[in-house]
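Note that the sequence shown ends on residue 378 in our numbering; no numbers are left out.
FYI, nobody ran anything at the bench for these hints, they're computed from the structure. Be aware that a few hints might be false.
[To be verified] When the alpha-carbon atoms are kept at most 30 Å apart in a straight line, the in silico DSSO-like pairs for lysine-lysine are as follows:
no., residue 1, residue 2
1, Lys-320, Lys-277
2, Lys-341, Lys-352
3, Lys-293, Lys-320
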Amino acid sequence: MNLLTDDLTLRTVTSSDIHEISRMWNFFQGGVSIEEAYDALAYMTENHARNEAGPFYHLCLAVCKKNDPLHIWGWCGLDGKEHPERPEIYVLLHETIRSKGYGTQCVKALLAYAFDVVGLASVHGGCDKQNIASAKMLVKGGMRHYGHAENGDPLFIAVADPSVKL
Numbered sequence: 213m214n215l216l217t218d219d220l221t222l223r224t225v226t227s228s229d230i231h232e233i234s235r236m237w238n239f240f241q242g243g244v245s246i247e248e249a250y251d252a253l254a255y256m257t258e259n260h261a262r263n264e265a266g267p268f269y270h271l272c273l274a275v276c277k278k279n280d281p282l283h284i285w286g287w288c289g290l291d292g293k294e295h296p297e298r299p300e301i302y303v304l305l306h307e308t309i310r311s312k313g314y315g316t317q318c319v320k321a322l323l324a325y326a327f328d329v330v331g332l333a334s335v336h337g338g339c340d341k342q343n344i345a346s347a348k349m350l351v352k353g354g355m356r357h358y359g360h361a362e363n364g365d366p367l368f369i370a371v372a373d374p375s376v377k378l
C-alpha cells in the first residue's frame with residue numbers, strides 16, 4: 213500500500229527493506245538487529261492482514277521521501293488495537309526531517325485513508341504536553357484539540373462528518 217503526499221510516500225515495507233527496517237525500527241535507541249527487523253516485518257504484515265479481515269487493528273507505514281523511496285525516514289500509522297472504531301494516529305520522524313511539514317502531510321494522508329478508505333467515523337491523537345511541535349502538527353493536519361488526559365497531555369480528534377459536534 214502506498215499513500216502519496218506532496219513530498220512523501222507512506223508505504224508498507226517488504227523483506228527487501230530489511231536493512232532499512234533494522235536501521236529505523238526503534239531508531240530512538242539506535243535501531244535493531246536484522247533478526248529483530250524480521251520480527252518487526254512479521255508484526256507489521258500480520259497487523260495489515262488483520263485490518264483486511266475484520267475490524268481495524270493497526271497500520272504501520274514507512275515514511276519515505278518521494279525522491280528517495282527506498283530510504284525510510286520514520287513511521288506513521290493508525291493504532292486501533294484497543295479501540296478499532298476510533299484508532300489513534302501516530303507519527304515518528306527522524307530528527308533530521310522534523311519541522312519541514314512532513315508530519316502534517318502524514319496526518320492529512322492518514323486521516324484521508326481512515327475516513328475515505330477504511331470508513332472510520334473518528335481518529336484520535338495525543339502528545340506529550342511539552343511537545344508543542346506535535347500538537348501543532350496534529351492541528352495543521354486536520355485534528356481538533358478537545359481536552360486533556362489525566363496527566364495534562366492534550367487530546368485531539370478528527371471526525372469524518374464535520375457536522376458532528378463534540
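Checked hints:
A C-alpha spacing of about 16 Å is found between Lys-320 and Lys-277, which places the hinted pair at or below 30 Å, so the restraint holds. Straight-line distance between C-alpha atoms of Lys-341 and Lys-352 comes to about 17 Å, which keeps the hinted pair within the 30 Å bound. Restraint check for Lys-293 and Lys-320: the C-alpha separation of about 21 Å stays at or below 30 Å, so the hint holds.
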